[in-house]
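Student: Below, each chain spelled out in residue letters.
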Amino acid sequence: MNSRLFAWELRHLRSDLTAWLLGGLLVVMTLFAVANGAHHLRLQHEAVADSLALADKRIADAKALAQKLDAEKREESPSRDPRFAQGFAHFHLQSYATKPPLGLSVLTKGQSDLYPNANLVALSSRDFSVRGEGVDNPQRLLLGHFDAAFVVVYLLPLLLIALSYNVLSGERERGTLPLLLLQHQSPAPLVARRCLVAGLFSFGLLALLLVAGLYATGSLASAEVGRLVAWLGVAFAYGAFWLALAVFVTSRGGSSATNAVVLASAWLLVTIVAPAVINVIAKRVYPAPSRMDFIVAQRAATDEISHRRSALLAAYFEDHPELAPEAAKRNAPDPQVVAQMSYQETERRLAPIRARFAEQLARQQALIEQLRFVSPALLAQTAFNDLTGTGLASYETYRTQIGAHHDALRAYFQPKILAKEKFAKYDEVPRFAFVDEPTHAVLARAAWPLGALLAISALIVVRSIRSLRRSSPALA
Amino acid sequence: MITSVIRHEFVGTLRDGRFRWAAVFVGLLLIAALVAGWSYQREQAEQRALATASEDNRWLTQPAKNPHSAAHYGIWAFKPSLATSFIDPGVEPYAGVAVWLEAHRQNQFLHKPADDASAAQRFGDLTAALVLQLLVPLLVVILAFGSVASERERGTLRQALACGGNATPWMWGKALGLAAALGLLLLPLLVAGGALLLFQRDNVVVNGAWLRFALLIASYAAYLGIFVLGTLAVSALAPSARVALVASLGLWMFNGLLLPRAMAEIAGARHPTMEGVTFRTELRAKLDDPHARSPRLERLQAEMMQRYKVTRPEDLPLHRGGLNLLASEETSDAVYDELFGRAFGQIEAQNRMQRAAGWFAPLGALQPLSLALAGTDFAHHRHFITAAETHRRLMQRMLNTDLMLNGPRDGSVYLADPKLWHSIPKFDYRPPSLREVLQDRLASLAGLAGWFAVAIAAFLHAARRLNPI
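Chains as they are written, first to last, in the working numbering: chain H, 1495 to 1970; chain F, 18 to 486.
Everything labelled a hint here was simulated from the structure, so no lab data went into it.
Some hints here could point you the wrong way.
Estimated spans, in silico, between C-beta atoms of each pair [what the hints assert, rightly or not]: (1) H:Pro1829 with F:Arg399: 31 to 41 Å; (2) H:Gln1864 with F:Ile473: 30 to 40 Å; (3) H:Pro1781 with F:Pro425: 48 to 58 Å; (4) F:Val223 with H:Thr1933: 47 to 57 Å; (5) H:Ala1715 with F:Ala470: 47 to 57 Å; (6) H:Pro1781 with F:Glu453: 28 to 38 Å.
Below are the DSS-like pairs computed for lysine-lysine, each with C-alpha atoms no more than 27 Å apart in a straight line [said to hold, decoys possible]: (7) H:Lys1567 with H:Lys1916; (8) H:Lys1910 with H:Lys1551; (9) H:Lys1557 with F:Lys82; (10) H:Lys1551 with H:Lys1567; (11) F:Lys443 with F:Lys82; (12) H:Lys1567 with H:Lys1914; (13) F:Lys303 with H:Lys1551; (14) H:Lys1916 with H:Lys1557; (15) F:Lys303 with H:Lys1562.
Each residue gets a CB set at the ideal place from its N, CA and C atoms; glycine is no exception.
The whole structure should be built from the sequences, with the hints applied where relevant.
Tutor: Written as structure tokens, this is what we have:
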């Protein structure tokens, strides 16, 4: 491309008051978004640190109490005595599963406001282990967040549209297009140049602000380069899609007002209507099973166990003869044994129901994974969530690991509780350590939306250039 | 003059290709949103009815058992929807549907539908509220931005006003003609919404539903009226159709996109909610405080000693465990009131600040009103939480009192007669009345009316200053 013409376009942009206004707006909104992201990240870090500190404090307190009880030769109820596995595990222990947030999540809150990053793992219930404890504001969750991903997905396209909707029509309406076309047969190079300048201006400014924002909030050092580059790559590809669409609309030869209307409608369709429709379709095709049914099933299982307690206990003792009470105490079995039997039986009954839930949700998710290619906005958002560790996949990994930790804790304590063992190995209690997905797996997943966005953009550009070449005399 | 302008504008809009396409598109979306919302609501209502019946049955068919065992067994309460909630489901996906009412604990709501949701959920559901709050206003902008400006550019404005008449009736004609065309487009909402409301009688709260529906329609009509008048005013004041379009789109974006999220973030930072770990730690510390229970136990004991005319606690003809449980529940109730009161207070503070958006844009006034009328805002959710908790406390009090009065004092096993389960009233939830709701949302109502007045003033100002050249 002729560098002099390119420099001229830059000068043209510089003299445009709208570009300055829009640039200023982008600066304000991006900085606001990064500040929000940083605030949210700080709160998440605090939640993780507070829960780990609390877990440590509980162990230290239990140790101190055990020493005190030993020194004073005092007896305590086994259900509260830290010197017994039962007392320690059920009363003193607070094992937290935490998911340390990634520094890059300054850019995308994703689903992280919906799912907590610190969960208290309950020994008695798998379901209680994955629920949050805080009191959230549902109205705030409903409105969504104002983070850098929001700026890119919703606002960047509007900025690009505002800068490019009249690149050709504006000149034609002012009567200057024939003059500009004196050097070329077709308006294609002019449109390409202007859109490129608009794109470089917007994206360059955005990327600069984001990197500066990450630096200023201290998150740049901890951000993985691969993820950051991929994030910016997706933002670029998404911006390219909107510029390509602007070029396409321009190539149809409409007036400035028509172009603006068409592009605004396209924006509405892509960012608001399509995701909402996809959401409805996925929910209708694979509706999430009713949680109320789950409650009913859970209650039925509990009732059944309590009604058939003697029979179930007898069966349990056949499997675990070492735990069977003496004949004289048959009518008053050890409550811990009853609890263990009830837990196992409840788990056995709920496992298929949980599996049905998981399968249905996986089907719904798979459908959305396919349908998201219909909406570039959804495509970009899911990639942003993935890359910043705030997407469903990351939280699903976390939830699976919470379940495994719950099992590990039970496997560690339950035999000791049933054997009524004394306990002193406070530092050997299994601890939770979140193992994140490998970065290459995340990058491989993000490559699909990135590739798709670039491919769609390229297709639109090719089509537009062909159209611009064909209809150049009419346009002029 | 005005009638012919209305007719001309109305027919012109109907003939406009943009309107036809958009009308079909928006109409279909609106109907799809209404039907999807309605069918989801119906399914939820059916599931809730089944689950509630199953819980009631479970509670009533308990065998003879110790009242405290029954208290621990508890009962699940399921939140009902208001019949109008299918128009604006609001916080329902984020607020949870069920709470377990058991001894000692005020449990939190479990099973938010959003827990099972994908990233698409955060883009919002396709709801009638979304269509009316965002899509239809954009349609108004697209249809009306050139209404005056283009006529001026084509020179037809000069002809229209050539007879020397006042521009105001001409502008009113434009506004009413456009409003009539929009009315035609929104007819499905009225007919389909009304019909769905008519068929949605089972397992949802129908009290005051028609009045709520009528007020919803009136609020949305006012909101869209603001857009019609505002866009025409911008179109008349702007030097060109292009400027009118860019300005109207900018205002639309600020109203629907930027302001709600920005205010939510500012409100969240200004009034942070209590972090989960802090909440739990504080709760546990207060519940485990050994000094908190004694004064209550002493007071209760003194009351009983006075009632039974004895001077020593050990002479009370009561079951000690029951008395202790009564005191213990009273103590924990106070702790829950304090902590949940504080947490909900923070949420209310956030929402109050969020509602201040009504001073800056019409959607800020409409949104809280729409949620309140549909019965899907946080205030309604909190109302249910409070009602369920009141019921839990009533259950606990009745069960503990029975244990205190009838429990044997010799330490032998006590099993209450199943009649006791029947004596506890059924949890019958009544949502807040429309009057209470409106009293709470007076500011939003005033805000919407204020914006309507501002739109009329801007419209009249633009009409007076209308320059045909």
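Student: For which of the previously enumerated hints does the structure constitute a violation, in increasing order of number?
Tutor: 2, 9
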